[in-house]
Amino acid sequence: MFDGISTQLLMGQILIGLINGSFYAMLSMGLVIIFGMMHIINFTHGAQYMLGAFVAWLLLNHLGIGYWPALVIAPVVVAISGMFLERVLLRPLAGLDHLYSLLATYAVALIVEGLVRYQYGSTGLPYQNPIPGGVNLGFMFMPYYRLWVVAFSVFTCLGTWILIEHTKLGSYLRAANEKPQLVQTFGINVPKMMTLTYGFGVGLAGLCGVLAAPIYQVSPSMGSSLMIVVFAVVVIGGMGSIIGAVATGYMLGVVEGLTKVFYPEAASVVIFLFMTVALYLRPAGIFSGKEQN
Numbered sequence: 000m001f002d003g004i005s006t007q008l009l010m011g012q013i014l015i016g017l018i019n020g021s022f023y024a025m026l027s028m029g030l031v032i033i034f035g036m037m038h039i040i041n042f043t044h045g046a047q048y049m050l051g052a053f054v055a056w057l058l059l060n061h062l063g064i065g066y067w068p069a070l071v072i073a074p075v076v077v078a079i080s081g082m083f084l085e086r087v088l089l090r091p092l093a094g095l096d097h098l099y100s101l102l103a104t105y106a107v108a109l110i111v112e113g114l115v116r117y118q119y120g121s122t123g124l125p126y127q128n129p130i131p132g133g134v135n136l137g138f139m140f141m142p143y144y145r146l147w148v149v150a151f152s153v154f155t156c157l158g159t160w161i162l163i164e165h166t167k168l169g170s171y172l173r174a175a176n177e178k179p180q181l182v183q184t185f186g187i188n189v190p191k192m193m194t195l196t197y198g199f200g201v202g203l204a205g206l207c208g209v210l211a212a213p214i215y216q217v218s219p220s221m222g223s224s225l226m227i228v229v230f231a232v233v234v235i236g237g238m239g240s241i242i243g244a245v246a247t248g249y250m251l252g253v254v255e256g257l258t259k260v261f262y263p264e265a266a267s268v269v270i271f272l273f274m275t276v277a278l279y280l281r282p283a284g285i286f287s288g289k290e291q292n
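Numbered by numbering that gives the first Met the number 0, the letters in the sequence shown go through residues 0 to 292 in order.
No lab work stands behind these hints: they were computed from the structure.
For each residue, glycine too, the CB sits at the ideal point set by N, CA and C.
Incorrect hints may appear among the rest.
Taking lysine-lysine and the BS3-like style, the derived pairs with C-alpha atoms no more than 27 Å apart in a straight line are [claimed, not checked]:
hint: 1; residue 1: Lys191; residue 2: Lys167
hint: 2; residue 1: Lys191; residue 2: Lys178
hint: 3; residue 1: Lys178; residue 2: Lys167
Simulated DEER-style distance windows between Cβ atoms [said to hold, decoys possible]:
hint: 4; residue 1: Val134; residue 2: Phe83; range: 37 to 45 Å
hint: 5; residue 1: Asn135; residue 2: Tyr279; range: 40 to 48 Å
hint: 6; residue 1: Thr184; residue 2: Gly133; range: 49 to 57 Å
Could you build the full structure based on these sequences and the hints that come with them?
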C-alpha cells in the first residue's frame with residue numbers, strides 16, 4: 000500500500016489504535032462527567048480502572064465468577080467504593096480550590112496502588128480470554144474479543160452521551176451543577192445526585208478495567224501508566240465536553256497506532272504534541288462549547 004509498509008501491518012495498527020482509543024474514550028468520558036458535574040479533577044481514576052480489573056481477577060480466581068458476571072459486578076463494586084470516597088473525603092472539600100480535591104484524589108490513588116502492590120506484587124496477573132478465536136479478514140486476523148471491546152465501548156459511550164445530554168435525569172444533573180439551590184427547591188436531593196454522579200463516573204473506569212483485563216496484564220501500575228494519556232485526551236477534547244472526550248479518545252488512539260507505523264520514534268509523544276497544539280490554538284479544548292444548549 001505504501002512503500003515498505005504492508006496492508007496487514009497498517010490495518011493491524013489501526014485495530015490496535017481503535018482498541019486503545021476505546022479505553023481512552025471511556026476513561027476520559029468518566030473524567031469529564033465527574034469534572035463537568037462536580038468540578039473535581041479525579042486523580043484516582045487510574046486506580047479505579049485498575050481496581051475494576053483486579054476485582055474481575057479476584058472474582059474469577061477466588062470465587063469462580065467468570066467474565067460476564069464480573070462485567071456487572073466489578074463496576075458496581077468500584078462505584079460503591081467511589082461513592083464512599085466522595086462522601087467521606089471529597090464532599091468536605093466541596094467549594095474549596097480544585098487543588099485540594101486534586102491532591103486528595105492523587106493521595107488516594109497512591110495509597111490504593113501501594114496496597115494492591117503490597118498484597119499481589121508488581122508482576123502482571125493473566126486473565127483468560129472470554130471470547131477466544133477470531134476472524135481472518137484476508138489482510139489480517141481480527142480477534143473476536145478485541146472486536147467486542149471496540150463495539151461495547153462505542154455502545155457504552157453513545158448510551159452515556161444520550162443519558163447525560165438527552166434525558167430528564169441528565170437535565171437534572173446539569174441543572175444541579177449550574178444552579179443547585181434552585182434544583183433543591185423542587186425537592187431534588189442535590190448531594191445524593193452528586194454522589195451518584197461520582198459513582199457513575201468511577202464505575203465507567205471500573206468497567207473499562209474489566210474490559211482491559213483479558214488484553215493487558217492485571218497489575219497495580221496499569222492505571223497510572225495510562226492516566227497521563229487520558230488526561231491529555233480530556234484536555235484536547237475539552238474538560239466539559241463528553242462528545243469531545245469520546246471523539247478525541249478514538250481519534251488519538253488511531254493516530255497513535257498509525258504513528259507507530261510511519262514514525263515509531265514519535266509514537267509515545269504524538270498525543271502530547273497534539274495537546275500542545277490544541278492548547279495553543281484552542282485552550283478550552285477543540286470541542287468546547289459544542290454541547291451548550
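Enumerate the violated hints, using their earlier numbering and listing them in ascending order.
none
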